[in-house]
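Chain by chain, the residues run as shown.
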Amino acid sequence: MSIRHGLLALLERGPMYGYQLRAAFEESTGATWPLNIGQVYTTLSRLERDGLVRPLPENDGGQRPYELTDLGRAEITVWFVTPISRTDRPRDELAIKLALALTTPGVDVRAVVQTQRTATIQTLQELTRLKSRSDEPGDLSWRLILDAMVFQAESEVRWLDHCEASLVRYRPPDPAAPTTAAPEGADTDDRTEANR
Amino acid sequence: MILELRGVHRTHGTGETAVHALRGVDLGVAPGELVAVMGPSGSGKSTLLNLAGGLDSPSQGAVLVEGEVLGDLNRKQLARMRRRHVGYVFQDLNLLASLTAVENAALPLELDGMSVRKARKLAEAALDEVGLADLAKRFPDEMSGGQQQRVAIARALVGERRLVLADEPTGALDSATGEAVLRLLRNRVDAGSAGVLVTHEARHAAWADRVVFLRDGVVVDTTSPVGEPEQLLEAKA
Ligand SMILES: Nc1ncnc2c1ncn2[C@@H]1O[C@H](COP(=O)(O)OP(=O)(O)O)[C@@H](O)[C@H]1O
Ligand SMILES: [Mg+2]
Chain A
1 MSIRHGLLAL
11 LERGPMYGYQ
21 LRAAFEESTG
31 ATWPLNIGQV
41 YTTLSRLERD
51 GLVRPLPEND
61 GGQRPYELTD
71 LGRAEITVWF
81 VTPISRTDRP
91 RDELAIKLAL
101 ALTTPGVDVR
111 AVVQTQRTAT
121 IQTLQELTRL
131 KSRSDEPGDL
141 SWRLILDAMV
151 FQAESEVRWL
161 DHCEASLVRY
171 RPPDPAAPTT
181 AAPEGADTDD
191 RTEANR
Chain B
1 MILELRGVHR
11 THGTGETAVH
21 ALRGVDLGVA
31 PGELVAVMGP
41 SGSGKSTLLN
51 LAGGLDSPSQ
61 GAVLVEGEVL
71 GDLNRKQLAR
81 MRRRHVGYVF
91 QDLNLLASLT
101 AVENAALPLE
111 LDGMSVRKAR
121 KLAEAALDEV
131 GLADLAKRFP
141 DEMSGGQQQR
151 VAIARALVGE
161 RRLVLADEPT
171 GALDSATGEA
181 VLRLLRNRVD
191 AGSAGVLVTH
201 EARHAAWADR
211 VVFLRDGVVV
221 DTTSPVGEPE
231 QLLEAKA
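Protein chains in written order, with the working numbering: chain A, 1 to 196; chain B, 1 to 237.
Some clues are possibly wrong.
Computed far set for chain A versus chain B, every beta-carbon distance over 10 Å [stated by the list, open to error]:
1. His5
2. Pro15
3. Ser28
4. Thr120
5. Ala153
6. Arg158
7. Glu164
8. Tyr170
A few chain A residues that face chain B, going by a derived Cβ cut-off under 7 Å, partial list only [claimed, not checked]:
9. Thr118
10. Ile121
11. Gln122
12. Leu124
13. Gln125
14. Thr128
15. Gln152
16. Glu154
17. Val157
Calculated from the model, a selection of chain B residues having no Cβ within reach of chain A, i.e. all distances over 10 Å [said to hold, decoys possible]:
18. Gly32
19. Arg80
20. Ala97
21. Met143
22. Gly145
23. Asp209
24. Val211
25. Thr222
Hints in this document: simulated from the structure, not taken from any laboratory. The beta-carbon is built from N, C-alpha and C at its ideal position, and this holds for glycine as well.
Taking the hints into account, I'd like the entire structure generated from these sequences.
This is the structure:
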């Protein structure tokens, strides 16, 4: 990632212009990834060049909204169902992906979580296999490196478990409802209780 | 296949209060294969393990151990199958306080009608396998938690157990002891048994050949069998 994928995911909600995209991006990612407006425009023009978005007529305020093309929609679908590889992951892509999945219509967030969990545990299996083969005392430094990767992968799985437990409790805000907060105990989904 | 679950459903209770603990689970475990089962609390992991060991029976579908449908066995045959072929490790150890380590480990075989002498001999071999040969005559309260857990494992492995079932076997253990327990399980499976391990620890599940994810009584995903690790290294390079 990919500011590209971030913007595509946001456009899945409907057409938006540059400043709206920037605000929505920062809101979705909890301001963990500040974006300047220049980056938004450069990215939009590349997306347009690649046929993933298309510009709409300017509105009265002189702003030009963009919308997803079918190609762009396909691209974002593939992104959500593809696990991120541990080998080339920029730091927070996974966190950002989940934050966006939560607010993007039509995305099965639990499936996104599970896809990542499966991929990460698969990595853990491979690392464990390597570890169990290196029992020589001289291999210590190598084993410690493997351990570092094991702990990273493990903490990611824990975090995914945490995300899933939170998701079970999560109710998307109902736009029609008045903005009074629902009381905490009003959750009637009994799966919530069954979770650790 | 040593263990096979075919379209297994398990419903506890009836009517309004019925709980669908498992809803159509298919699973096969071959000799030499260790399968880990993960999933949130209440997803049906223990139910699956109890069914696999013949401690519970499916509401629908079939459970086969060594090709025999457990539902077709009479009570006596089932009890025999459990004691002969199936080893269990549970979170609560269920060691008998009045028996020594070797007596605890020999118990399933003696219950199965094996002579005391022969059963003890096999139990000593199992204790040796878990590194406790020297503590055979100790009582549970004379051993540490980790040692007691290893006795429970020896009891699960004693004799020719072709199917080893473990439900959170590393529960209260520190991480090094937990890892030792996993190695034991792994070794036995590598020697030709089939194993099913329920765990919520990703690091422990990673010892398995395959990890199955349960949610609300349904298998939602499975890792593919582990390939040669060299591939991973190439990917890193
Ligand atoms: N004997 C029983 N009677 C009624 N409900 C049960 C019984 N055993 C398990 N359950 C229910 O079945 C579901 C699965 O339980 P279990 O297999 O113990 O899950 P896990 O081991 O994954 O935590 C849970 O909702 C649990 O409350
Ligand atoms: Mg359980």
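Is the interface hint satisfied for A:Glu154? The criterion is a beta-carbon contact with chain B at less than 7 Å. Hint holds; A:Glu154 Cβ to chain B Cβ min 5 Å, cut 7 Å.
Per the CB criterion, is A:Thr118 less than 7 Å away from chain B? holds (5 Å)
Would the least Cβ to Cβ distance between A:Arg158 and chain B come out above 10 Å? Per Cβ check, A:Arg158 is inside 10 Å of chain B; nearest 7 Å; violated.
Compute the least Cβ-Cβ separation between B:Met143 and chain A, then decide whether it is above 10 Å. Since the minimum Cβ distance to chain A is about 26 Å, B:Met143 lies beyond 10 Å and the statement holds.
Given as non-interface: A:Thr120, partner chain B, CB spacing beyond 10 Å: violated (8 Å)
Hey, does A:His5 actually stay past 10 Å from chain B on C-beta? At roughly 22 Å from the nearest Cβ of chain B, A:His5 sits farther out than 10 Å, so the non-interface label holds.
Should the interface hint for A:Ile121 be scored as holding, given a Cβ-Cβ cut-off of 7 Å against chain B? At 5 Å from the nearest chain B Cβ, A:Ile121 passes the 7 Å test, so the hint holds.
Interface exclusion of B:Thr222 relative to chain A, criterion Cβ beyond 10 Å: violated (8 Å)
Are all C-beta atoms of chain B more than 10 Å from that of A:Tyr170? holds (15 Å)
Per the stated criterion, does the least C-beta distance between A:Pro15 and chain B lie above 10 Å, as a non-interface residue requires? Since the minimum Cβ distance to chain B is about 35 Å, A:Pro15 lies beyond 10 Å and the statement holds.
10 Å Cβ clearance of B:Asp209 from chain A: Not fine: 8 Å to the nearest Cβ puts B:Asp209 too close to chain A.
Quick one: work out the minimum CB distance from B:Gly32 to chain A and report holds if it exceeds 10 Å, violated otherwise. Holds, because the least Cβ-Cβ distance between B:Gly32 and chain A comes to about 14 Å, which exceeds 10 Å.
Hint compliance for this structure: hints 4, 5, 6, 7, 15, 23, 24, 25 are not met, and every other hint is.
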